[in-house]
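Visitor: Mind docking these for me? Both chains are given alone in their own frames, and the hints should help you get the complex.
For the record, the sequence lines run as chains R and X.
Using this note's numbering, the letters of the first sequence map in sequence onto residues 1 to 253.
Using this note's numbering, the letters of the second sequence map in sequence onto residues 254 to 549.
Everything labelled a hint here was simulated from the structure, so no lab data went into it.
Glycine included, C-beta positions come from ideal geometry on N, C-alpha and C.
It is possible that some hints are incorrect.
To be verified - Computed beta-carbon distance windows for the label pairs:
| id | chain 1 | residue 1 | chain 2 | residue 2 | range |
| --- | --- | --- | --- | --- | --- |
| 1 | X | PRO530 | R | ARG151 | 26 to 36 Å |
| 2 | X | GLU547 | R | ARG172 | 56 to 66 Å |
| 3 | X | SER275 | R | ASP70 | 46 to 56 Å |
| 4 | R | ASP248 | X | SER275 | 46 to 56 Å |
| 5 | X | ALA354 | R | ASP70 | 40 to 50 Å |
| 6 | R | ASP70 | X | PRO472 | 19 to 29 Å |
| 7 | R | ARG90 | X | ALA470 | 57 to 67 Å |
Unchecked claim - Not close to chain R: a few residues of chain X, all C-beta gaps over 12 Å, as computed:
| id | residue |
| --- | --- |
| 8 | ASP262 |
| 9 | MET265 |
| 10 | MET278 |
| 11 | ARG373 |
| 12 | ASP386 |
| 13 | PRO436 |
| 14 | THR450 |
| 15 | GLU463 |
| 16 | ARG478 |
| 17 | HIS479 |
| 18 | ALA511 |
| 19 | ALA512 |
| 20 | ASP516 |
| 21 | ASP531 |
| 22 | LYS535 |
| 23 | ARG542 |
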Amino acid sequence: MNASGGGAATAAVTRAEYCVIACAEAWRGGGEILASPMGAVPSVGARLARLTFAPDLLLTDGEATLVGPDGEPEGWLPYRRHLALVTGGRRHVMMGASQIDRFGNQNISCIGAWERPARQLLGVRGAPVNTLNNPVSYWIPRHSPRVFVERVDMICGVGHDSARAAGPSATRFHRIPRVVSDLGVFDFATPDRSMRLASLHPGVTVDQVREATGFALTVPADVPYTRGPSPAELALIREAIDPARTRDREVRV
Amino acid sequence: MTTAPYAHDKTMTPEEVVDRLSSGMTVGIGGWGSRRKPMALVRALLRSSVTDLTVISYGGPDVGLLAAAGRIRRLVTAFVTLDSIPLEPHYRAARERGAFALTEIDEAMFMWGLHAAANRLPFLPVRAGLGSDVMRVNPELRKVTSPYEDGEEFVAMPALRMDAALVHLNRADRLGNGRYLGPDPYFDDLFCEAADTAYVSCERLVDTRELTEDTGALPTLLVQRHSVTGVVETPGGAHFTSCAPDHPRDELFQKAYAAAAADPVAWADFAARFLPPDGDEKSYREAVRIWHEEQK
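Just chain X, with the same shape it has in the complex (with noise of 0.2 Å):
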């Protein structure tokens, strides 16, 4: 009788991460608006040299953040917000300089091209898009015939396929079993699964046992290890998006974030403060925390 090996211990370092990835990737990124993003797995790309990247997100300041550096070829997205705070600075100010290629396409597109991508589809027929521009600016988009009876035509929405998918989750253990504790799991585990690495940092690491005890827990557990590459723990890694219960969006530093993207004097001082090439997770929450005391 032996016992049965461990399973794979996936966690690493979000440098590790950032080393996993190549310039001219398609990377898929989690969570909605600002809220839940892996922004500390962000920071981490902003610190390397990659590049000319297609980013796939239901956009916040994830997408901000990488068109401001430059770091993005082609966006596909339905929209990039802040949420309290509507338009986000950076990536307007992108788009009105044509910074990158656009794919614009509407949310429920988005979300059959994550289900296409998930299930190895080439695509799957939505209605939305039909009569409205998204088709214009989207000429690569093709419809398709219901092969039955009613013979309705709608669009034929293309897989989101992803090279590399980050996302942040409340917990997670060293296997890659990732749970989220907030109101809405938004799309992370399609994500995950759309991609051929996918990558989940997390508030807490905890052990399985624990991701499993609580009563009601199973329908939590989001993301399994299965389509899970690796695993990081960054407490607050989603700041300064909501991490719902864990934290809430730091509203009075997104205030100041979104003030400073507005005007490039102001942003420079703000990157160098938060953001300097040679820091690391641990100096943004100390800058953080300082700047908070400051404020008070």
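So that you can see chain R by itself, here it is in the shape it has in the complex (with noise of 0.2 Å):
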């Protein structure tokens, strides 16, 4: 499952590369939706995705235009716009976390007591509605004990457990189809539906992960390790679609 060119074409793909892999991944299949990257390895990731194996991927400028893959306008997405392709259910968004647990609840909103906060965040933004309505994948650059923690301090992005809690009409819509970190790739293929190690990124164990986790992680006795891309893919990635390298600022390894 390695990235096959072997050798020196193998060593010389960076973590970020691995990373942008992951995240392009999660785009597969998604046909005719609006990819929403949040954050640059995942931004890297939709755009690679959209010139090889996703082409029917829709993509913005960031603002308010769809755009081709070269920037070319093909569409015009305001805010009002936007939340209503959400709400249709044809987008997959990657968002960021602050925090996430076990069950990929998210928070971005505040840390501590929602009262009085001892770190107030961005705000729930539109992760709620998000997570009901059109799959949600998370990108979270730095593992860590912090970030995934056993349970958020304010539920924006809602997870298996909450959604279930909440009723039929929660559930309907609702679909975390994968968390991608600094350190591997994760998501809830377990009979309760909480987090699973699906693949390490190469040179990242086990040991590492669980370390950086703050809540009990399933591990498969075989985790596979992230796919490689392909000398074509390098070359776009490094070439066409981040030659400034914005993806090193988000992953330093």
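Guide: What follows is the structure, encoded as structure tokens:
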């Protein structure tokens, strides 16, 4: 499952580039939907997916214009239409998380008691509407026990246990395909829909992941490695999509 | 044969807008984050004694400034951000000292609350919010069950009705018709329709013919006069937020604002220089111009 290039080609692939591939894979098979990446690595991943195995994806310029992979405008998506697209479900967003727990509840609002937080963050933003209406994956550039926590302080993005408790209207369109961190890829393919290690980025050990995770993580007997980029994908990442190496600012390994 | 009488001229100054506001009101502020905020009207509000406000806003520095000045009793929002600087320092500090009550709702819930208010409905059903702590921190939120076969349960998002709305547009005429020229209308039309009174500041006041003469102008006429109470010409009135295509966000100034806002001593200096109680919009623009000269 590892990068098939072998020797020098594999050694040359950086951790950030494995992360780009892991993010890009979130949009495989998505069809004609909007890819909404938040963060540098997911943005590179979304454009890579669009340029290779997911040509029907829609992308935005980060403002109100839908654009092709070269930035050519093809449509209009102001916030009001963006929110309608979310509730229509034709979108897969990859959000960040200040905290995420073992059932995939996510927090970007505040740390500590909500009534008077120790640290005020962004606010819930669109995390509640996103998680109940279209697939939501997460990108966490620095995997640590402060981010991967037993319980989040404020549920913004809805996790599996919370959706289940809220009833069928909440679970109807709820889906968390994957969580990507700088250490590996995670999913919820367990009987109780708690988080599972799905693949390790090459160079990372299971122990490292366990130490950096603040809850009991399901680890299968055999954990595959995250696939590496093909030579064509690597060339696209390095020369066409991200020559300024914005990916290295998020993942410093 | 008589000529039709002219429609009412609604032009006024920022101070005249603020004279119509009073303490305890619910005030909606248009724009989004650090984008096309009616900052000149917010600055005029800061120079007044109006306080104890319920503010409804997709928050940016409008919220930050009002929070720093202690004018907010309750804030209704989904976020407060400066966009290129993710966290608004004044908002953060105000929340961390428990300075005001907060109604924290999702971006889509906020939008449907505006729609409900504009359509004179008590609420609209939304899926957003279920399963999240938005329900925990807003115990007054109620649910509603679909009366049709599906029987689904939704959040009944209450109407976000407001006493006054403040928005900033690129162009407007004296009657209150307003036009946006940038990529996104945000929700400024809904703010005006959700409010008992609405005040539109604009980069440039033009006559009605100029407002509508370009090819493709009609869909950009975001705000109509029947939902507007007053019109104010304030060139640079969104500063330092963006007002595309008239001007981008003043990133350099925003950075200075954020740095000052994170430190009480620096903020006192910043406020004395740019937001003196006896100032006005003209003196603000001049102070900003001189500041930019100094940065060169």
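Visitor: So, against the hints stated earlier in the document, which numbers end up violated here?
Guide: The structure conflicts with hints 1, 7, 12 and 13, although it agrees with all the remaining ones.
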